[in-house]
Amino acid sequence: MSQSTVDVSAKGGFSFDLCKRNEMLTQKGLKAPSFLKTGTTIVGLIFKDGVILGADTRATEGPIVADKNCEKIHYMAPNIYCCGAGTAADTEAVTDMVSSQLRLHRYETGRDSRVITALTLLKKHLFSYQGHVSAALVLGGVDITGPHLHTIDPNGLTETLPFATMGSGSLAAMSVFEAKYKEGLTRDEGIKLVAEAICSGIFNDLGSGSNVDICVITKGNKEYLRNYMEPNPRTYVSSKGYSFTKKTEVLLTKITPLLERVEITEVGEAMEE
Amino acid sequence: MSIFEYNGSAVVAMVGKNCFAIASDRRLGVQLQTIATDFQRISKIHDHLFIGLSGLATDVQTLYQRLVFRHKLYQLREERDMKPETFASLVSAILYEKRFGPFLCQPVIAGLGDDNKPFICTMDSIGAKELAKDFVVSGTASESLYGACEAMYKPDMEAEELFETISQALLSSVDRDCLSGWGGHVYVVTPNEVKERILKGRMD
Chain A
1 MSQSTVDVSA KGGFSFDLCK RNEMLTQKGL KAPSFLKTGT TIVGLIFKDG
51 VILGADTRAT EGPIVADKNC EKIHYMAPNI YCCGAGTAAD TEAVTDMVSS
101 QLRLHRYETG RDSRVITALT LLKKHLFSYQ GHVSAALVLG GVDITGPHLH
151 TIDPNGLTET LPFATMGSGS LAAMSVFEAK YKEGLTRDEG IKLVAEAICS
201 GIFNDLGSGS NVDICVITKG NKEYLRNYME PNPRTYVSSK GYSFTKKTEV
251 LLTKITPLLE RVEITEVGEA MEE
Chain B
1 MSIFEYNGSA VVAMVGKNCF AIASDRRLGV QLQTIATDFQ RISKIHDHLF
51 IGLSGLATDV QTLYQRLVFR HKLYQLREER DMKPETFASL VSAILYEKRF
101 GPFLCQPVIA GLGDDNKPFI CTMDSIGAKE LAKDFVVSGT ASESLYGACE
151 AMYKPDMEAE ELFETISQAL LSSVDRDCLS GWGGHVYVVT PNEVKERILK
201 GRMD
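Protein chains in written order, with the working numbering: chain A, 1 to 273; chain B, 1 to 204.
By construction, these hints were calculated from the structure, which means they are not laboratory data.
Keep in mind that a hint or two might mislead.
Claimed, not checked - Partner residues aside, some chain A positions facing chain B, computed with beta carbon under 8 Å:
(1) C19
(2) A93
(3) F244
From a predicted model like this one, the values you see are computed outputs, not experimental measurements.
In this text, a Cβ means the ideal position worked out from N, Cα and C, and glycines have one as well.
Make a model of the complete structure from these sequences and hints.
Put into structure tokens, the structure is as follows:
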């Protein structure tokens, strides 16, 4: 067995060793797997004091809803958040990776992160994979130079905009923004407009659904309003619950008692001066 | 035919009150022929952490061996067991490393974390984590499992009721799927014991 398959890979990055085997299986007629996508409506807008980001909370696997309440607004830095649409694993991995890079950069420079730093790191990564890392992002934050809002395409194209939408529900949300957006919105007006745009995506686009998440970023402060609106509660819940008429037949039972988990804390000696 | 339908599988995990249950079917097939009726899909990582893997059986076994290796290394370095959340991040990273040539399996991770709080999560084949507070499903019978669990699940169930619920959900879902079934294998884990039960189901 070659050394590389046994060792923990220290270099990081992607590993392509199963590609040949998967290619062989596809040629034999077995279809490749489908990945968890986030269908999605994600939006952002700039208001008087900063940036407001919004997202729905549905994750789909083909036509099935895999997660009814997932989080699509990812943390990048204390003053920068990023919404992600596309393949869920890609958006999570890319935002986590750039978030770590930003943190290291903050330690090196001793300053707060800037939104364009995050933008450049993301676009360089996505462009180098030529769109195969399928992550469409709406990046927003407030740094020393003011509030910024950008969109990033899976191919690496970026745009700087006062209001932006991405995802399968982007057209539904953009129609609300184009009709009602104006410069100098107050915080409450901005939140109301973002919630309306996301709801438009939730009700009109099949790939988006469930609840509305909102994140308000201003200078020196951020508010993550998880499940700000829940316009789709379970309509009927039976108070009795489900009762089973016939019990399951058990063939074999094996009980393994577990030892009580004991925390051993070692009291160390104080360090010498 | 999809690659996930080559061997057939059904795995489900549910959260109860300070306990969790993880269950799978027992069939191993090669497309429409059944090869074994006692295939082990759920494996123990440590006393309070189990992982169920659905999908291509060869990748199920390879991935399980890799994860046990990584966990043993962790135990040697840290002198303690891995927390379920940490383990889920590890599995996600190992799967995402193979983003363009993935392992063809979908894991379901279930464990008891700090303060015996149950933790469950599932991932797609490239490591997109999906944390849930109620139940997670995976495998060829997943569509039926979603429906059965939505209907039968209640929050804060005790261990015995949780066992009954997860077994009924599993058996009724695999009855509607040709590629999985031939009985069930259920683990119910509380802070003090692990109850492993084999269920009698339709053998067709």
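- Query: Honestly, which of those hints from before does the structure not fit?
  - Reply: Hints that this structure does not satisfy do not exist here, as all of them hold.
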